[in-house]
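Enquirer: The chain contents come next:
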Amino acid sequence: MRGREDEWTDLMRSANAGDGVAYHRLLKSVTPVLRAAARRGLARAGQAVDQAEDIVQDILLAVHLKRHTWDAEAPFAPWLFAIARNKLIDALRRRGRRVFVNIDDFAETIAGEPAAETVSAGEVAMHLEGLPARQREVLQSIAVDSTSIKETATKLSMSEGAVRVALHRALSSLAAKLRKE
Amino acid sequence: MDTDRLIRTLAADNDSRARPVGAVLATALLVALPVSAAMLLATLGIRQDVMTAMHNPFFDLKFVVTLALAVPAIAISLHLSRPEASLRGRGWWLLLPVGILALGISGEMMLPQRLPMMTRLVGNNSRVCLVAIPAFSLPLLAAALFGLRHGAPARPALAGALAGMLSAGLAATMYAAHCNDDSPLFVATWYTLATALVTAIGALAGAKLLRF
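Line order of the protein sequences matches chains H and L. Numbering follows this note's numbering, in which position 71 of the first sequence is assigned residue number 71; successive positions increment by one, without gaps. Numbering follows this note's numbering, in which position 178 of the second sequence is assigned residue number 178; successive positions increment by one, without gaps.
Only true hints are included.
Here are the simulated lysine-lysine pairs, DSBU-like style, with alpha carbons at most 35 Å apart:
#, chain 1, residue 1, chain 2, residue 2
1, L, Lys208, H, Lys180
2, L, Lys208, H, Lys28
3, H, Lys155, H, Lys28
4, H, Lys155, H, Lys180
5, H, Lys155, H, Lys177
6, H, Lys180, H, Lys150
7, H, Lys28, H, Lys180
8, H, Lys150, H, Lys177
9, L, Lys208, H, Lys177
Pairwise CB distance ranges, derived in the manner of DEER restraints:
#, chain 1, residue 1, chain 2, residue 2, range
10, L, Arg90, H, Ser146, 44 to 50 Å
11, H, Lys177, L, Asp60, 48 to 54 Å
12, L, Arg90, H, Lys177, 32 to 38 Å
13, L, Ala196, H, Ser29, 43 to 49 Å
14, H, Ala74, L, Met118, 50 to 56 Å
Since the hints were derived computationally from the structure, they do not count as laboratory data. Glycine included, every Cβ here is placed at the ideal spot set by N, Cα and C.
This is chain H alone, in the form it adopts within the complex (with noise of 0.2 Å):
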């Protein structure tokens, strides 16, 4: 448990080192833990546990836009629960319910869940749709069709650079049309 913790804060100091490979290695890492309070979340607030992959991506999401609000001389588990546990109770919320959401849901979690099968979620695909054209075929490229930000920006005539900008733009919107639902 500790050990896993701190290899959370190990990880993201990593990324934000601009080490791609460990940020991929902990949100992979930390996405069971999420599924599984998500999954707690729903059953405990009497809904379906299958809309829990919608809020796995949205506390994704959010990690990721927010990530520059950890505090890199902290542990990475408080703050990533904390981020989690604002995005359960907006989801349960949002699907009417009243809602106790304790923090020990997400620290509880052993590690003994069903590893990391992928799961496929309606929301962020569906707002996809929505976003302006040039974001919209970038994340297609890099998201659907796992090309590289290079390859994309050559398919697309872009520049690297651009790819970049409008990446990263798509999901920023991505997060805002999550929250507006």
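Dock chain L against chain H, hints included.
Expert: Below, chain L alone, put in the same frame as chain H:
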């Protein structure tokens, strides 16, 4: 979209770097301060006898009190822009201006006064004060909310209330240069009412604007 793809996409965007909340908040406030100052100069102006007034400790005390509100409120709101943060350990900083005012009031009580207490409390400018401080604080409040939106406050209404306090504190600092009521009793009554109003506006706006 499946979560693995989303994760890969987020990792591809790892090189994007957002500016720290403190930098965004500072820039926004530095842009808004001249706007509020211009509002003051264009409408009320600075009091005529400001050079003599500066030798009056009760005139100077007004600036100490308003800054003792604004500075801690800035620090606390910045702290609250982190999702795991709470008021604990920092909330008492907001008692600082209250304590200074209390000292000021007892100081004034001990000195012989030309005017009776109620006259000093009601002053000449109470209505102007109640309008001017909230009005001058609006550009600052907008700037503070803009800066804090860049963060991730877990309690948006509370963060908004702090944004209200910091903008009222800064606006009152400017207004104090116009106001010729220097009695700490006046400050404790009317400045506090004006601050409470702006704090409430900040809390309402924050609840809507500061969710992430």
